[in-house]
Amino acid sequence: MTGNHEPDTAELDDPFPSGDGDDGIDLSSREYGVYECTDPDCENVVLSLRDSGDHMSCHGESMAKIRDWEMDVKPPELRQVLLDVFGLPRVGLDICLCVIGEGPVSPATVAEELGYDQSTITRYLNQLVEIGLLEKSQLNRESGGFVNVYHSIDLEDMRRESLIGFYVWAGEAASLIEEANLTKAEYSDGAGDQQLHDVFWEAFEERTK
Amino acid sequence: MVTPQRLLAVVVDRYDRVERPLSAPEVASATDADLDAITEHLQRLVECELLCRENGGVRPTVTGREFLDLDVDPDSIVVVEIPDECE
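So the protein lines, in turn, are chains R and V. Oh and the first sequence: position 101 is 101 in the numbering used here, straight run, nothing missing. Just so we're on the same page, the numbering used here is the position in the second sequence counted from 1, plus 1000.
Here chain R stands alone, though its shape is the one from the complex (with noise of 0.2 Å):
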């Protein structure tokens, strides 16, 4: 058993790198697909978790499918957005990790487990219940009191749910980039003398309230 402590900031850097910029991905061989309108003028792109092969559509015209990409920008770390997106804290994850599948267990187990303190494990319980990933029930327990449970919502609700989430905040961050590929000149329709900087951070602050 290690010892018990409370995770500090290095632990939680990513341990999977998920490149550094140079590389280009073959999404031909990916589970989902990324389409997008072969209208020109449209310039639609959409998310598929499953490939739709040559049957998605975008007002009447067809849709093809991205096959490779190569990557100008640092992408974002996956599990850093996972855990923004969600709000999930890194000892969260570890804890649905360490218990699914296992039955009933003790926090105690699962501090010993994970190396994290007992009171380390009920604070995230409680967290992972506020974010709506778990739900506490309380038991009668046999000597009085109660006992608390964490346990699962539904877990087909937990994967629709999650990946509607998901898909809520890949939504809202592609409309941010497109906001910031407007033209200075659409910016300035309306913006009187604002600077360009300023109309954008105002748009985003406006869209992120």
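Think of the hints as simulated: they come from the structure by calculation, not from any bench. Computed from a predicted model, the values in this text were never measured in an experiment. C-beta: ideal position from N, C-alpha, C; glycine also. Hints are supplied without guarantee of correctness; some may be wrong.
Stated by the list, open to error - Selected chain V positions facing chain R (Cβ under 10 Å, derived; list incomplete):
| hint | residue |
| --- | --- |
| 1 | L1008 |
| 2 | D1032 |
| 3 | C1048 |
| 4 | R1053 |
| 5 | N1055 |
| 6 | V1072 |
| 7 | D1075 |
| 8 | V1079 |
To be verified - Cβ pair distances, simulated, as ranges:
| hint | chain 1 | residue 1 | chain 2 | residue 2 | range |
| --- | --- | --- | --- | --- | --- |
| 9 | R | Q138 | V | D1036 | 31 to 39 Å |
| 10 | V | D1073 | R | V46 | 31 to 39 Å |
| 11 | R | S143 | V | A1030 | 22 to 30 Å |
| 12 | R | V45 | V | L1070 | 41 to 49 Å |
Start from chain R and add chain V according to the hints.
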């Protein structure tokens, strides 16, 4: 392989029929499972106060019965926190 949750259900069912605490070999025999694995699962269920030790065997607690009523998916996440542990 019998899961701890399934094991709890077996203990409840068998205890209600024989009305006495069950030994680990008895439970292992009822589930046709490895005694070491059963012993480990029973210990964990006792730690979670879903079972309690009595007269050399185990019996279900009120908490254990209420837990089964929750009908939690055995493949899901289940952590049982008893008050002493969080204080």
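Outcome of the hint check:
A hinted interface residue such as L1008/V counts as satisfied when its beta carbon comes closer than 10 Å to some beta carbon of chain R; here the least separation is about 8 Å, so the hint holds. Hint on D1032/V is violated. Least Cβ distance to chain R is approximately 18 Å, over the 10 Å limit. Checking C1048/V against chain R by beta carbon gives a least distance of about 5 Å; that is within 10 Å, so the hint holds. At its closest, the beta carbon of R1053/V sits 12 Å from a beta carbon of chain R; the interface hint therefore is violated under the 10 Å criterion.
With its C-beta approaching chain R no nearer than about 16 Å, N1055/V sits outside the 10 Å limit, and its interface hint is violated. Satisfaction of the interface hint for V1072/V is found here, the shortest Cβ-Cβ separation to chain R being roughly 5 Å, below the 10 Å cut-off. For D1075/V, the shortest C-beta to C-beta distance to chain R is roughly 5 Å, which falls under 10 Å, so the interface hint holds. For V1079/V, the suggested interface contact is upheld, since its CB lies about 4 Å from the closest CB of chain R, less than 10 Å.
Distance hint for Q138/R and D1036/V: a CB-CB separation of about 33 Å, consistent with the stated range 31 to 39 Å. Taking 31 to 39 Å as the suggested C-beta distance range, the pair D1073/V and V46/R conforms, at roughly 33 Å. Checking the proposed 22 to 30 Å range against S143/R and A1030/V shows it holds: the Cβ atoms sit about 27 Å from each other. For the pair V45/R and L1070/V, the beta carbons lie near 44 Å from each other, so the given range of 41 to 49 Å is met.
The structure shown violates the earlier hints numbered 2, 4 and 5.
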